[in-house]
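Construct the complete structure from the given sequences, taking the supplied hints into account.
Chain residues, written in single-letter form:
There are 2 protein chains.
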Amino acid sequence: MIENEYYSQDVHGPFELFSLGDFELEMGEKLRDGKIAYITRGTLNTAKDNAILFPHMYSGTHKHMEIFVSEGMALDPKEYFIILPGQIGNGLSTSPHNTPPPFGQAAFPKVTIGDDVRAQHKLVTEKFDIETLQLVLGWSMGAQQTYEWAVRYPDMVKRAAPIAGTAQVTPHDSIFIDSHMEAIKSDPAWNNGWYTEPHAVHIGLRRHARVWAVMGLSTQFYKEEAWRRAGYSSLEDFMVGFWEGYFLPMDPNDLLCMAWKWQHGDVSKNTGGDLEAALGRIKAKVFVMPFEEDMFFPVRDCEAEQKMIPNSELRPIPSLWGHFAMFGIFPEDKKAIEDLLKELLAVPVGVPTAVR
Amino acid sequence: MIENEYYSQDVHGPFELFSLGDFELEMGEKLRDGKIAYITRGTLNTAKDNAILFPHMYSGTHKHMEIFVSEGMALDPKEYFIILPGQIGNGLSTSPHNTPPPFGQAAFPKVTIGDDVRAQHKLVTEKFDIETLQLVLGWSMGAQQTYEWAVRYPDMVKRAAPIAGTAQVTPHDSIFIDSHMEAIKSDPAWNNGWYTEPHAVHIGLRRHARVWAVMGLSTQFYKEEAWRRAGYSSLEDFMVGFWEGYFLPMDPNDLLCMAWKWQHGDVSKNTGGDLEAALGRIKAKVFVMPFEEDMFFPVRDCEAEQKMIPNSELRPIPSLWGHFAMFGIFPEDKKAIEDLLKELLAVPVGVPTAVR
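Just so you know, the sequences run in chain order Z and F.
Numbered by the working numbering, the letters in the first sequence go through residues 1 to 356 in order.
Numbered by the working numbering, the letters in the second sequence go through residues 1001 to 1356 in order.
Hints are computed from structural coordinates only; laboratory data are not their basis.
C-beta atoms are modelled at their ideal positions from N, C-alpha and C, and glycine is treated no differently.
Don't take every hint at face value.
[Unchecked claim] Derived DSSO-like pairs (lysine-lysine); straight-line CA-CA distance at most 30 angstroms:
(1) F:Lys1127 x F:Lys1063
(2) F:Lys1110 x F:Lys1185
(3) Z:Lys78 x Z:Lys283
(4) Z:Lys307 x F:Lys1223
(5) Z:Lys63 x Z:Lys185
(6) Z:Lys283 x Z:Lys127
(7) F:Lys1223 x F:Lys1283
(8) F:Lys1269 x Z:Lys223
(9) F:Lys1127 x F:Lys1078
(10) F:Lys1185 x Z:Lys223
(11) Z:Lys63 x Z:Lys342
(12) F:Lys1283 x Z:Lys283
(13) F:Lys1110 x Z:Lys223
(14) F:Lys1223 x Z:Lys110
(15) Z:Lys223 x F:Lys1283
(16) Z:Lys185 x Z:Lys110
(17) F:Lys1223 x Z:Lys185
(18) Z:Lys110 x Z:Lys269
(19) F:Lys1110 x F:Lys1223
(20) F:Lys1307 x Z:Lys223
(21) Z:Lys48 x Z:Lys335
(22) F:Lys1127 x F:Lys1110
(23) F:Lys1223 x Z:Lys269
(24) Z:Lys78 x Z:Lys307
(25) F:Lys1127 x Z:Lys185
(26) Z:Lys30 x Z:Lys110
(27) F:Lys1223 x Z:Lys223
(28) F:Lys1048 x F:Lys1342
(29) F:Lys1335 x F:Lys1223
(30) Z:Lys334 x Z:Lys307
(31) Z:Lys307 x Z:Lys223
(32) F:Lys1048 x F:Lys1283
(33) Z:Lys127 x Z:Lys269
(34) Z:Lys185 x Z:Lys342
(35) Z:Lys48 x Z:Lys223
(36) Z:Lys334 x Z:Lys48
[What the hints assert, rightly or not] Rough simulated footprint, nothing fancy, chain Z against chain F, three-plus residues with beta-carbon under 8 angstroms:
(37) 1172-1184
(38) 1204-1212
Laid out in structure tokens, this is it:
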């Protein structure tokens, strides 16, 4: 086990742990005494039908998505009971760095998007006794989980908002994931996953950050020096301050666990490889919400899937931030996302009983 | 010096060397006994006004561009005298790997696009006594050289076809270049440039190839498994066979020399940093020819420059191959490029005298 101060309540705020017990994974291995970290906001009504589930992206925790949860916003805790579950491997949930031998670090089992969603389903149904989710939404890997939820539990999910992500990983995403995993693994300090100090792999993490810098935003973002508006004084200041600063505190094996999961995300596993059949199962009202300048989840890829979803609309969002529009650093991006979520929540599909 | 069998006439066909003597470089250093490799096709007419200059891209030599030179094609050696000059640092010209101590390998001086163009100008004017170029064209770094020619020697260049490249490096290109340079430099075998065996850095070169794989083609290329049409049996077969196979024989320091040059390409150095003034100098008829799916020279960036060029047209070319459409692996891509070059050469701007 590795002690890493980043994965603490000091940094991420108070959170709960939901115990999965011994949890069998799709790839055949098992989490021993598995736990997922989560937070909730708002109050579950007596009918238990005002819940929203909001899983998170690669490298993230509930904290990164919590910026979309606030009174007056679409995800209003006065109206909804909002659950923000942590991915397995996110550093707060059971993860490579916090798992004792013999199953920690490089020996941590392979986890899938389906595993996360099954774990979240246990949380939602067993802990909270919820059978209806007004909305499942998520960005990037959160979109993968959103699609998996809508396909796997079509009767539970009333609305879905997959934001800048796909139901089935694309080959281009796969090679991009390879390239950023390699950026970490090529650091000799990674030592096949058997480093002993939490920040031993800092060179690999910086390299990983710079691969993300190439793909994560838009070419136009850099052309317009939009980093100035975000408070950076030069391109290099932005590269170090934003990109390296973001990834540097994290655990390399935790990132690799999530990266592998992303690379193998595919809802068609539920239907013997038939993507159209999988997406055809979805009963939710779906807004497919790509970011127009996204370099690795292009609108075209999201649209191809949207066309296979019965009750769906393609609702692209423009932003210079490309894939990272969801960080909401420019208020207009956050507002555009907000507005679509409000619109989706206003669609009359099993309207929740008011909080009592 | 490193012996590398790749940089031979066996591999690249017969070529000539033009001696630059001691050649002062823009950054202040000097090439001792500098040489540029080149080939010519066709015959220079007596008026010496039927010449075309066709410099090449990053990682390339004249050989890669020669596929566009043939009887019946736009660049027809029956009509034109076509010069294909090699970049300094391309492995055939004076380069890090073939320069003796103390100036070889990691001690090789920094070279700029302006240096290449001045060297080519010496070749064109001193060796061939040519004062008029019917066309300068080039792809990627070849486009950088094309723009530099048109800005630096506006009275010599009658037509210009910068293909999938920019006159001024973009910030996004710069961070992409950093990421693929880092892929090489992070291999411990690179040893700050002081490896002793030609293929010592093969792991870094494979990593470099895979960074290129992410950015070099289009997301849709991978989605449609277009590599099948190019004769590959799986994505991994394509990654190794096409991408790694392409870069693996090359010299890492030679690549880094060209990468740095690319990263610092900027015609506005000729006008005190004023890009509009630089491009405004151009007298040539210019077809700006971006590839529509290019991920690092997007049409938008090329169009922004095109608008600053007096007698120019934006002529985008669609291709699943993205930036690598110029490899001409799909005949329709090659034909689209060909057709535009024929159209440009047909524009009546100082028509050449027939070959006699």
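Is Lys30 of chain Z within 30 angstroms of Lys110 of chain Z, Cα to Cα?
holds (9 angstroms)
For the pair supplied as a hint, Lys1185 of chain F and Lys223 of chain Z, is the alpha-carbon distance within the 30 angstroms limit?
Holds: Lys1185 of chain F and Lys223 of chain Z sit about 26 angstroms apart, inside 30 angstroms.
Lys1223 of chain F and Lys223 of chain Z were given as a pair; does the straight-line alpha-carbon distance stay at or below 30 angstroms?
holds (28 angstroms)
Given the hinted pair Lys1223 of chain F and Lys1283 of chain F, is their alpha-carbon gap at most 30 angstroms?
violated (42 angstroms)
Agreement of Lys1110 of chain F and Lys1185 of chain F with the hint, judged by alpha carbon distance not exceeding 30 angstroms:
Given pair Lys1110 of chain F, Lys1185 of chain F holds - Cα atoms ~17 angstroms apart, limit 30 angstroms.
Straight-line Cα separation of Lys48 of chain Z and Lys335 of chain Z no greater than 30 angstroms?
holds (29 angstroms)
Taking 30 angstroms as the top limit, are the C-alpha atoms of Lys78 of chain Z and Lys307 of chain Z close enough?
Not satisfied, since the Cα-Cα distance of roughly 34 angstroms exceeds 30 angstroms.
Starting from Lys48 of chain Z, check that the Cα of Lys223 of chain Z is at most 30 angstroms away, please.
violated (49 angstroms)
Within a Cα-Cα threshold of 30 angstroms, do Lys1223 of chain F and Lys269 of chain Z meet the stated pairing?
Since the Cα atoms of Lys1223 of chain F and Lys269 of chain Z sit roughly 18 angstroms apart, the hinted pair holds (cutoff 30 angstroms).
Assess, step by step, whether the Cα of Lys1127 of chain F is no farther than 30 angstroms from the Cα of Lys1063 of chain F, and give holds or violated.
holds (21 angstroms)
Please work out if Lys223 of chain Z and Lys1283 of chain F have their alpha carbons no farther apart than 30 angstroms.
holds (27 angstroms)
Pairwise hint evaluation, Lys307 of chain Z against Lys334 of chain Z, where the allowed Cα distance is 30 angstroms at most:
Given that 30 angstroms is the threshold and the Cα spacing comes to 26 angstroms, the pair holds.
Hints 7, 12, 19, 24, 25, 31, 34 and 35 from the earlier list are contradicted by this structure; the remaining hints agree with it.
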